[in-house]
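Chain order of the listed sequences is R and L.
Take 1 as the starting number for the first sequence in this note's numbering and just add one per residue.
Take 1001 as the starting number for the second sequence in this note's numbering and just add one per residue.
No lab work stands behind these hints: they were computed from the structure.
All C-beta atoms in this analysis are idealised placements derived from N, C-alpha and C, irrespective of residue type, glycine included.
One or more of the hints may lead you astray.
Claimed, not checked - Residues of chain L placed beyond 12 Å of chain R at every Cβ, according to the derived structure:
1) A1015
2) P1022
3) P1024
4) F1026
5) V1065
6) N1068
7) L1070
8) V1071
9) L1076
10) W1080
11) D1102
12) S1105
13) A1106
14) A1110
15) L1118
16) V1122
Claimed, not checked - For the chain R half of the interface with chain L, some residues (derived, Cβ under 7 Å), not all of them:
17) A23
18) Y45
19) S49
20) A72
21) G75
22) V76
23) Y104
24) W107
25) I111
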Amino acid sequence: MVNRVVVGAHYGLKDWLAQRVTAVVMAIYTLYFAINALMLPAMTYEAWSGLFRGGFTRFVTLLFFLSLFYHAWVGVRDIWMDYVKPTGIRLVLHMLTLLVLVGYAGWVAQILWRL
Amino acid sequence: MSEVTVRKQRPKHLALNEIRLPLPGFVSILHRVSGAGLFLCLPILIGLFGMSLGSPESFESYKSVVGNPLVKLILLGLLWAYMHHFCAGIRFLLLDMHKGLDLASARSSARMVLIASLTLTVLIGVKLW
Ligand code: HEM
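One chain only, chain R, in its complex shape (with noise of 0.2 Å):
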């Protein structure tokens, strides 16, 4: 028999590898924009809108949040399991954390769908 307690961070498979998918993803976007950033003629409003307006740097763009919003939630709710002993004030945490993040993607979604 053995006595294990199931604790800390770390455990769970999916979210492990839901990190690093998302992780690679952002990766590759960086690159993405970085490079569509450094061909930009010049720094005005058109031409920086017109970056987004496009079909498919809006879609990988939104994606790219996505990402980010699902990758900090698993990477948030590990600093708080890491830190937070209190149960009833780590899961407060962990609520708080998931909304604003579900929050985020709403407003991105708006900003990018408002263009």
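The hints should help you fit chain L with the ligand onto chain R, whose structure is shown.
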């Protein structure tokens, strides 16, 4: 069997101010700090992003906000956080794939991460401002 068990002092009390982290440990804790810092500053970053894309008028106010020296300093800090988190993150992904796990490579890749992220921050910072 003879009694050779070494009696260890338990519990251990860590003197945080006396611990000298090895370079890879330093990169690792900065990865956590940078990730947490970026998370906490997300509302600022998304807010600025929204301002820059809202309308030609809000774009102008975005420009004057990021022109403020204090805001510039904060953004420069966040740029470093992103660069460090990015470089260290790629290093962790490679380590996860069992690349560069031996001590010598792990040390030199940790040093490379620190140098690369600082260099990128300076280069991009100079280009933007
Ligand atoms: C290109 C972008 C990024 C890459 C390649 C990346 C990579 C990674 C990797 C591989 C981990 C797992 C580290 C581990 O388990 O030890 C991680 C953790 C984390 N990331 Fe990212 N990340 C990126 C962007 C971001 C952003 C933008 C944020 C914040 C909003 C963020 C927040 C976090 C947090 C809070 C953790 C948890 C840290 C910890 O447990 O110590 N990441 N990241």
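We went through each hint and held it up to the structure:
A cut-off of 12 Å between C-beta atoms confirms that A1015/L is not in contact with chain R; the least separation is 19 Å. The claim that P1022/L is not at the interface with chain R holds, since no C-beta of that chain comes within 12 Å of its own (minimum 20 Å). At roughly 17 Å from the closest C-beta of chain R, the C-beta of P1024/L stays outside 12 Å, upholding its exclusion from the interface. Remark: the non-interface label on F1026/L is consistent with the geometry, its nearest Cβ contact in chain R lying 18 Å away (cut-off 12 Å).
Residue placement check: V1065/L keeps its beta carbon more than 12 Å from all beta carbons of chain R (closest about 14 Å). Taking the minimum C-beta to C-beta distance to chain R, about 17 Å, the non-interface status of N1068/L holds against the 12 Å cut. Interface exclusion of L1070/L from chain R stands, the closest Cβ pair being 21 Å apart, more than 12 Å. Distance check for V1071/L against chain R: the nearest CB is about 16 Å away, which clears 12 Å, and the non-interface claim stands.
No beta-carbon of chain R comes within 12 Å of the beta-carbon of L1076/L; the shortest separation is about 17 Å. Annotated as non-interface, W1080/L keeps its C-beta farther than 12 Å from every C-beta of chain R; the closest such distance is 15 Å. No Cβ of chain R approaches the Cβ of D1102/L within 12 Å, the least distance being about 22 Å, so the stated non-interface status holds. Residue placement check: S1105/L keeps its beta carbon more than 12 Å from all beta carbons of chain R (closest about 20 Å).
With 12 Å as the threshold on Cβ separation, the claim that A1106/L sits away from chain R holds: the shortest Cβ distance comes to roughly 19 Å. The claim that A1110/L lies off the interface holds: its Cβ sits roughly 18 Å from the closest Cβ of chain R, which is beyond the 12 Å cut-off. Chain R leaves L1118/L outside its interface by the beta-carbon criterion, the shortest separation being 17 Å against a cut-off of 12 Å. Against the 12 Å criterion, V1122/L stays outside the reach of chain R, whose nearest CB is about 15 Å from its own CB.
The restraint placing A23/R at the interface with chain L holds, with a minimum CB-CB distance near 5 Å, inside the 7 Å limit. Interface restraint check for Y45/R: the shortest CB-CB distance to chain L comes to about 4 Å, inside 7 Å, so the restraint holds. Because the closest C-beta pair between S49/R and chain L is about 5 Å apart, less than 7 Å, the hint holds. The beta carbon of A72/R comes within 5 Å of a beta carbon in chain L, closer than 7 Å, and the hint placing it at the interface holds.
Evaluation of the G75/R hint against chain L yields a held restraint, the C-beta minimum of about 5 Å falling below 7 Å. Interface hint at V76/R: satisfied, since its Cβ lies 5 Å from the closest Cβ of chain L, which is below the 7 Å cut-off. The criterion of a C-beta within 7 Å of any C-beta in chain L is met by Y104/R, whose closest approach is roughly 6 Å, and the hint holds. Annotation: W107/R was flagged as interfacial toward chain L, and the flag holds, the nearest CB pair being 6 Å apart, inside 7 Å.
The criterion of a C-beta within 7 Å of any C-beta in chain L is met by I111/R, whose closest approach is roughly 4 Å, and the hint holds.
Checked against the numbered hints given earlier, this structure breaks none of them.
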